[in-house]
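Let the hints inform the model, and build the full structure from the sequences given.
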Amino acid sequence: MKKSLLFIFLFVSLANAQVVDVVTGVINPFSLVAKDDELYIAEANGNKISKINLTETNPTIVDVASLSGGPIGLASSGNNLYTSVFQGANLYKIDLTDTNPSASFVITGLNGHTFLATSGDEVFISSSSSDKISKINVTDTNPTLVDFATNLDSPYGIAINGNFLYYCTRSSNGKVSKLDITQSNPVPVEVVSGLNVPQVLAFKGNELFIGEFYKIFKVDVTDSNPTPILVADGLNGVSGLAFHGDDLYISQFPDNKILKLDTSILSVEDSNLKNVKLFPNPVVGHLYISGLTFSEEYKIFNLTGELIMTGTISKEEKIDLTELDSGLYILKLGNGIVKKLIKA
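What the sequence shown shows, in mature numbering (1 follows the signal peptide of the UniProt record, and there is no 0), is residues -17 to -1, 1 to 327, in sequence order.
27 angstroms max Cα-Cα, derived DSSO-like pairs, lysine-lysine:
1. K34 / K18
2. K240 / K76
3. K282 / K298
4. K187 / K240
5. K326 / K282
6. K243 / K187
7. K322 / K260
8. K18 / K243
9. K240 / K18
10. K260 / K315
11. K260 / K187
12. K301 / K282
13. K298 / K315
14. K260 / K326
15. K326 / K298
16. K240 / K34
17. K301 / K315
18. K187 / K323
19. K315 / K282
20. K187 / K18
21. K323 / K282
22. K298 / K322
23. K260 / K301
24. K187 / K115
25. K34 / K243
26. K115 / K76
Cβ-Cβ distance ranges computed for the label pairs, FRET-style:
27. T165 / N258: 28 to 38 angstroms
28. G294 / N41: 44 to 54 angstroms
29. Q70 / D238: 20 to 30 angstroms
30. G268 / N208: 19 to 29 angstroms
31. K323 / K298: 16 to 26 angstroms
32. S51 / Q1: 32 to 42 angstroms
33. N156 / G274: 31 to 41 angstroms
34. K18 / N83: 17 to 27 angstroms
35. T122 / T82: 21 to 31 angstroms
36. N208 / K282: 16 to 26 angstroms
Just so you know, these hints were derived from the structure itself, not from any lab.
We put the beta carbon where it would ideally sit given N, CA and C, even for glycine.
Have a look at this one:
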């Protein structure tokens, strides 16, 4: 419960960041890979891998390799792309140095919707149907599919950061957990829960971006108790995420297009959130709020969503919480900032 989302108002919002269209006409895009200045796209119902040049203002879709069965998983290692399909059990490889690249068979034995991530010479493969994550070593002459972690409750999108593999549990009370890839029998560690059908993941440094069907959140995985921050809303069928610099590229499966979100502005807005602090917290009597620029309306909710207290506060004032029962509360300011409040 420590890392669960306790209440909807914990979803601090930065969702005024602008999402723009990059290209349309890709056929049901799924996973994305940004490599050098090109974005590779798994077109599930286009039965191909395509790409666009990210340096172009109005990029043109270029076919890379055809692949029947509906490619959905996509990851890169060296000069190769690896891709999985949703109709069939095979993993394929595409050598990007070839003049006319084609998809060559690597291994069979996959099951269901599978997503990919790479670390060094290893390709990790999630299987929601088999409740496990497998892996292969791509330097082996005849790669063997090896179980990495089992009994994982429908792992879906995956991403690797350092020695940890992060994966989505895709449900209405979804979560993101992590596994130590240096261990032979890794134990899942919950990172954040209370998400609504998380689908795909992407890292920018230590910030993990989580794509739900309609929204994108981010969390700092170095925090002991990460709180999701909403960075994009009003989307439709998020099915892939990939970073190129500060730009987050987003595939929308039903709308047949790729979007872009400039995340550089998020760090500026996020710093404003971090400047606002509650003290003392836990509080016994009077609560102060530092970092306020203007007078702000405040609301205090309990964990069932009931409004307990409301008022206005500035940096020179305090809130009298003497009569408030002990427990955990949510304080929401008029500027949209949300903080956890503990009454001792």
